[in-house]
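Enquirer: Same order as they appear, the protein sequences are chains A and B.
For the first sequence, the working numbering assigns the number 270 to the last residue and increments by one with no breaks.
For the second sequence, the working numbering assigns the number 552 to the last residue and increments by one with no breaks.
Just so you know, these hints were derived from the structure itself, not from any lab.
Don't take every hint at face value.
Claimed, not checked - For lysine to aspartate or glutamate, the following EDC-like pairs were computed, each having C-alpha atoms within a straight-line distance of at most 20 Å:
{"#": "1", "chain 1": "A", "residue 1": "Lys13", "chain 2": "B", "residue 2": "Glu376"}
{"#": "2", "chain 1": "B", "residue 1": "Lys277", "chain 2": "B", "residue 2": "Glu372"}
{"#": "3", "chain 1": "B", "residue 1": "Lys401", "chain 2": "A", "residue 2": "Asp9"}
{"#": "4", "chain 1": "A", "residue 1": "Lys150", "chain 2": "B", "residue 2": "Asp433"}
{"#": "5", "chain 1": "A", "residue 1": "Lys14", "chain 2": "B", "residue 2": "Glu372"}
{"#": "6", "chain 1": "B", "residue 1": "Lys287", "chain 2": "B", "residue 2": "Glu489"}
{"#": "7", "chain 1": "A", "residue 1": "Lys13", "chain 2": "B", "residue 2": "Glu398"}
{"#": "8", "chain 1": "B", "residue 1": "Lys355", "chain 2": "B", "residue 2": "Glu338"}
{"#": "9", "chain 1": "A", "residue 1": "Lys13", "chain 2": "B", "residue 2": "Glu390"}
{"#": "10", "chain 1": "A", "residue 1": "Lys173", "chain 2": "B", "residue 2": "Glu275"}
{"#": "11", "chain 1": "B", "residue 1": "Lys466", "chain 2": "B", "residue 2": "Glu456"}
{"#": "12", "chain 1": "B", "residue 1": "Lys389", "chain 2": "A", "residue 2": "Asp232"}
{"#": "13", "chain 1": "A", "residue 1": "Lys13", "chain 2": "B", "residue 2": "Glu406"}
{"#": "14", "chain 1": "A", "residue 1": "Lys150", "chain 2": "A", "residue 2": "Asp27"}
{"#": "15", "chain 1": "B", "residue 1": "Lys300", "chain 2": "B", "residue 2": "Glu275"}
{"#": "16", "chain 1": "A", "residue 1": "Lys20", "chain 2": "B", "residue 2": "Glu489"}
{"#": "17", "chain 1": "A", "residue 1": "Lys20", "chain 2": "B", "residue 2": "Glu376"}
{"#": "18", "chain 1": "B", "residue 1": "Lys395", "chain 2": "A", "residue 2": "Glu238"}
{"#": "19", "chain 1": "B", "residue 1": "Lys300", "chain 2": "B", "residue 2": "Asp483"}
{"#": "20", "chain 1": "A", "residue 1": "Lys14", "chain 2": "B", "residue 2": "Glu391"}
{"#": "21", "chain 1": "B", "residue 1": "Lys404", "chain 2": "A", "residue 2": "Asp9"}
{"#": "22", "chain 1": "B", "residue 1": "Lys389", "chain 2": "A", "residue 2": "Glu246"}
{"#": "23", "chain 1": "A", "residue 1": "Lys21", "chain 2": "B", "residue 2": "Glu372"}
{"#": "24", "chain 1": "B", "residue 1": "Lys411", "chain 2": "A", "residue 2": "Glu140"}
{"#": "25", "chain 1": "A", "residue 1": "Lys230", "chain 2": "B", "residue 2": "Asp346"}
{"#": "26", "chain 1": "B", "residue 1": "Lys395", "chain 2": "A", "residue 2": "Asp232"}
{"#": "27", "chain 1": "A", "residue 1": "Lys230", "chain 2": "B", "residue 2": "Glu435"}
{"#": "28", "chain 1": "A", "residue 1": "Lys21", "chain 2": "A", "residue 2": "Glu246"}
{"#": "29", "chain 1": "B", "residue 1": "Lys462", "chain 2": "B", "residue 2": "Asp483"}
{"#": "30", "chain 1": "A", "residue 1": "Lys173", "chain 2": "A", "residue 2": "Glu190"}
{"#": "31", "chain 1": "B", "residue 1": "Lys355", "chain 2": "A", "residue 2": "Asp232"}
{"#": "32", "chain 1": "A", "residue 1": "Lys13", "chain 2": "B", "residue 2": "Glu372"}
{"#": "33", "chain 1": "A", "residue 1": "Lys20", "chain 2": "B", "residue 2": "Glu410"}
{"#": "34", "chain 1": "A", "residue 1": "Lys230", "chain 2": "B", "residue 2": "Asp433"}
{"#": "35", "chain 1": "A", "residue 1": "Lys13", "chain 2": "B", "residue 2": "Glu391"}
{"#": "36", "chain 1": "A", "residue 1": "Lys172", "chain 2": "B", "residue 2": "Glu415"}
{"#": "37", "chain 1": "B", "residue 1": "Lys297", "chain 2": "B", "residue 2": "Asp334"}
What the hints assert, rightly or not - To give an idea of the interface, some chain B residues facing chain A are shown, with a C-beta separation under 10 Å as derived from the structure:
{"#": "38", "residue": "Arg322"}
{"#": "39", "residue": "Gly369"}
{"#": "40", "residue": "Val387"}
We put the CB at the ideal spot given by N, CA and C, even for glycine.
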Amino acid sequence: MEKQVNLNDFYRKKYMTYQKKENFVQDLNPLVKLNILLAIGIICVLLTDFKWRLAICALYYVIAFAGKKFRSFGLLFTGLAISFLAFLSVIRQLSVEGSHVLFSIFGWKWTMEGWESALDMTMTLCGFSGAVILFFTLTEMRDLMYALEKKGVSHVTSYVILASMQTITDLKKTSQTIMDSQRARGVETEGNLLVRVKALVPVISPLFLSALTSAEEKAISMDARAFSVKRDHTFLRELQPAPIYEVILAVIVDLCLIALIGMKITGRLG
Amino acid sequence: MAYIELKNVTYRYPLSKENALEDVNCKFEKGKFYGIIGENGGGKTTLCNVIRGLIPQFYKGKLDGEVEILGEELRDWDTAELSAKIGYVFQNPFTQISGVKETVFEEIAMGMENMGVPKEEMIDKVVEICKILKIEELMEKNPNELSGGQRQRVAFASIIAMDTEILVIDEPTSQLDPQGTQDIFEIISMLKKAGKTILLVEHKIDLIAEYCDEVIVMEKGKIAFSGAVKSVLANPELEKHGAMIPQAAKVGHELRKNHIELSGIPITIQDAVKTIKDRMGD
Chain A
1 MEKQVNLNDF YRKKYMTYQK KENFVQDLNP LVKLNILLAI GIICVLLTDF KWRLAICALY
61 YVIAFAGKKF RSFGLLFTGL AISFLAFLSV IRQLSVEGSH VLFSIFGWKW TMEGWESALD
121 MTMTLCGFSG AVILFFTLTE MRDLMYALEK KGVSHVTSYV ILASMQTITD LKKTSQTIMD
181 SQRARGVETE GNLLVRVKAL VPVISPLFLS ALTSAEEKAI SMDARAFSVK RDHTFLRELQ
241 PAPIYEVILA VIVDLCLIAL IGMKITGRLG
Chain B
271 MAYIELKNVT YRYPLSKENA LEDVNCKFEK GKFYGIIGEN GGGKTTLCNV IRGLIPQFYK
331 GKLDGEVEIL GEELRDWDTA ELSAKIGYVF QNPFTQISGV KETVFEEIAM GMENMGVPKE
391 EMIDKVVEIC KILKIEELME KNPNELSGGQ RQRVAFASII AMDTEILVID EPTSQLDPQG
451 TQDIFEIISM LKKAGKTILL VEHKIDLIAE YCDEVIVMEK GKIAFSGAVK SVLANPELEK
511 HGAMIPQAAK VGHELRKNHI ELSGIPITIQ DAVKTIKDRM GD
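I would like the entire structure built from these sequences, with the hints used as guidance.
Expert: Quick look at the structure:
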């Protein structure tokens with residue numbers, strides 16, 4: 001009997017209040033967070049000055065640190081930046097012509113102009129994608145969907161997006177199971193690239209067929225949970241509606257963006 | 271008045287050459303517990319799908335005859351509204367997890383969220399159901415990482431949490447051990463006592479004999495036998511129609527064959543013990 005009281009109390013405490021992570025950055029309302037970060041991303045694209053862009057990228061790291069996601073954001077973002085830089089360096093050397101030759105590989109001249117162009121493009125791409133990556137590192141998908149649903153997005157859309165995420169995980173698991181059973185039958189699945197590809201091909205069709213059939217059953221099971229009933233839904237997990245200071249913060253960032261666009265249009269930004 | 275009634279129902283799945291249901295007539299009354307048994311591919315699940323309204327809305331194909339649910343013709347029902355009236359637990363526990371919730375607690379609450387149940391009520395209900403199903407220790411686990419048996423319990427919990435008047439339950443114990451199976455039957459009979467109408471597809475005949483009020487035996491899309499559990503399950507003909515008979519009934523028939531007359535064919539163990547004791551006391 002005592003246990004029952006405890007469980008009820010525990011879950012009431014857990015769900016009757018707003019869901020919080022006790023971290024200012026993570027607890028920002030998802031839509032406010034999305035607004036702020038996207039605005040910063042666009043600002044970064046508009047500011048052509050190298051120093052500004054670097055500063056904004058540094059700011060991403062700072063925000064990630066404040067949101068206790070420094071490691072996961074850092075790894076992803078830094079990795080992305082390095083791959084962008086490597087890829088664009090080569091591409092730009094091929095496409096940009098310049099007179100300041102730095103060095104030459106078998107007659108292929110690497111120019112200063114090419115480097116600059118590559119760096120500039122990398123910063124642009126990283127400046128924007130950093131904002132997006134940061135947003136998704138700091139926000140749980142279900143929280144974003146909750147906020148969108150509250151704003152009138154249909155729960156079907158929200159379900160489809162959330163379920164797709166889970167499906168990716170499930171498919172990975174299923175493919176692993178199929179691979180294991182292949183191996184148990186003596187099919188080579190490890191070794192060089194060719195062997196791996198050969199092993200993968202027969203996995204694909206059962207994988208997709210099973211995904212299709214399970215999608216059908218999933219539709220029925222969602223239907224069994226009164227998914228399409230036309231009533232107002234309640235939400236077990238609720239997030240705090242954006243408090244006024246969060247809205248002000250978003251508005252300030254938006255105003256900066258608008259000002260910057262204005263400057264860009266009038267030509268004052270260069 | 272019958273709660274659910276099927277009259278001359280014939281159904282064929284799309285692309286199929288044979289009828290999955292053929293000329294099915296049956297009635298289900300409020301507050302009774304029906305067991306549906308029979309061979310594999312006999313039409314048990316199809317019957318469930320018709321009653322649940324998935325045929326003809328979800329599965330197309332050709333449906334003839336009349337199906338009346340709560341006094342209204344099936345084709346006039348809005349499937350979504352019907353889902354709030356009839357709870358449906360189906361066979362495969364792996365596809366019954368929504369895949370969008372991160373704890374079992376939230377998973378079980380999902381149906382109620384969709385039905386707009388107030389939050390406080392929802393929390394109490396989930397806790398209650400978890401205690402009944404003895405899955406308290408799963409409440410905080412990720413539903414996508416459970417074993418088959420655990421998922422089956424969670425799927426079952428998710429449906430009974432919705433508190434629908436009618437429950438259609440298709441093999442809820444396929445992944446469970448004997449104790450787990452017994453528990454599920456206990457819970458179903460508890461639901462029956464709470465006034466719910468229950469249609470259960472199951473192969474575990476001894477449990478059917480113990481708990482159900484009426485039994486329907488399906489064979490090749492037709493109803494081979496139907497009626498009160500005692501009269502149907504005591505019928506030795508059952509085995510010729512792809513169904514099993516309870517162990518107690520087997521004992522009864524064997525005794526009869528050996529000219530030991532009993533007062534009747536028992537279908538449950540308790541029944542058998544009593545009947546045999548009576549006979550020995552004579």
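Enquirer: Against this structure, judge whether each hint is valid.
Expert: A quick look at each hint next to the structure:
1. Restraint check for Lys13(A) and Glu376(B): the C-alpha separation of about 14 Å stays at or below 20 Å, so the hint holds.
2. Restraint check for Lys277(B) and Glu372(B): the C-alpha separation of about 44 Å exceeds 20 Å, so the hint is violated.
3. At roughly 14 Å between alpha-carbon atoms, Lys401(B) and Asp9(A) fall within 20 Å of each other, so this suggested pair holds.
4. The straight-line distance between the Cα atoms of Lys150(A) and Asp433(B) is roughly 26 Å, outside the 20 Å bound, and the hint therefore fails.
5. This hinted pair checks out: Lys14(A) and Glu372(B) have alpha carbons roughly 14 Å apart, not beyond 20 Å.
6. As the CA atoms of Lys287(B) and Glu489(B) are separated by approximately 17 Å, the hinted pair is consistent with the 20 Å bound.
7. The hinted pair formed by Lys13(A) and Glu398(B) meets the criterion: a straight-line CA distance of about 16 Å does not exceed 20 Å.
8. For the hint linking Lys355(B) to Glu338(B), the alpha-carbon distance of about 14 Å falls within 20 Å, and the restraint holds.
9. Restraint check for Lys13(A) and Glu390(B): satisfied, since their Cα atoms lie roughly 10 Å apart, inside the 20 Å limit.
10. Under the criterion of a C-alpha separation no larger than 20 Å, the hint pairing Lys173(A) with Glu275(B) is inconsistent with the structure, at around 43 Å.
11. Between Lys466(B) and Glu456(B) the alpha-carbon distance is near 14 Å, which keeps this suggested pair within the 20 Å criterion.
12. Proposed proximity of Lys389(B) and Asp232(A) is supported: the alpha carbons are some 13 Å apart, at most 20 Å.
13. Only pairs whose Cα atoms come within 20 Å are accepted, and Lys13(A) paired with Glu406(B) is accepted, the gap being roughly 17 Å.
14. Note on Lys150(A) and Asp27(A): the hinted pairing holds, with a Cα-Cα distance of about 17 Å set against a maximum of 20 Å.
15. In summary, the hint linking Lys300(B) to Glu275(B) is supported, as the alpha carbons are separated by about 11 Å, within the 20 Å threshold.
16. Proximity of Lys20(A) to Glu489(B) is assessed by CA-CA distance (about 56 Å); at most 20 Å being required, the pair is judged violated.
17. Between Lys20(A) and Glu376(B) the alpha-carbon distance is near 16 Å, which keeps this suggested pair within the 20 Å criterion.
18. A hinted pair counts as satisfied when its Cα atoms are at most 20 Å apart, and Lys395(B) with Glu238(A) qualifies at roughly 18 Å.
19. For the suggested pair Lys300(B) and Asp483(B), the alpha carbons sit about 12 Å apart, so the restraint of at most 20 Å is met.
20. At roughly 14 Å between alpha-carbon atoms, Lys14(A) and Glu391(B) fall within 20 Å of each other, so this suggested pair holds.
21. Of the supplied pair hints, the one linking Lys404(B) and Asp9(A) holds, its CA atoms being roughly 18 Å apart against a limit of 20 Å.
22. For the hint linking Lys389(B) to Glu246(A), the alpha-carbon distance of about 27 Å lies beyond 20 Å, and the restraint is violated.
23. For the hint pairing Lys21(A) with Glu372(B), the CA-to-CA distance comes to about 15 Å; that is within 20 Å, so the pair holds.
24. Taking the CA atoms of Lys411(B) and Glu140(A), the gap is near 18 Å; set against the 20 Å cutoff, the hint holds.
25. Annotation: proposed proximity of Lys230(A) to Asp346(B) holds, straight-line Cα distance about 17 Å (limit 20 Å).
26. Straight-line distance between C-alpha atoms of Lys395(B) and Asp232(A) comes to about 19 Å, which keeps the hinted pair within the 20 Å bound.
27. A threshold of 20 Å between alpha carbons decides the hint, and for Lys230(A) with Glu435(B) the separation of about 19 Å falls inside it, so the pair holds.
28. Our distance criterion of 20 Å between C-alpha atoms is met by Lys21(A) and Glu246(A), whose separation comes to about 16 Å.
29. A distance of roughly 10 Å separates the Cα atoms of Lys462(B) and Asp483(B); the hinted pair therefore holds under the 20 Å criterion.
30. Taken as a hint, the Lys173(A) and Glu190(A) pair is honoured in the structure, with Cα atoms around 17 Å apart against an allowance of 20 Å.
31. Between the alpha carbons of Lys355(B) and Asp232(A) the distance comes to roughly 17 Å, so the proposed pair stays at or under 20 Å and holds.
32. Our distance criterion of 20 Å between C-alpha atoms is met by Lys13(A) and Glu372(B), whose separation comes to about 18 Å.
33. Restraint check for Lys20(A) and Glu410(B): the C-alpha separation of about 17 Å stays at or below 20 Å, so the hint holds.
34. With a CA separation close to 18 Å, the supplied pair Lys230(A) and Asp433(B) stays within the 20 Å bound.
35. Between Lys13(A) and Glu391(B), the direct Cα distance comes to roughly 14 Å. Compliance with the 20 Å bound is thereby established for this hinted pair.
36. A threshold of 20 Å between alpha carbons decides the hint, and for Lys172(A) with Glu415(B) the separation of about 13 Å falls inside it, so the pair holds.
37. For the suggested pair Lys297(B) and Asp334(B), the alpha carbons sit about 17 Å apart, so the restraint of at most 20 Å is met.
38. Because the smallest distance between the Cβ of Arg322(B) and any Cβ of chain A comes to about 8 Å, under 10 Å, the interface hint for this residue holds.
39. For Gly369(B), the interface hint holds, the least distance from its beta-carbon to any beta-carbon of chain A being 4 Å, beneath 10 Å.
40. Because the smallest distance between the Cβ of Val387(B) and any Cβ of chain A comes to about 6 Å, under 10 Å, the interface hint for this residue holds.
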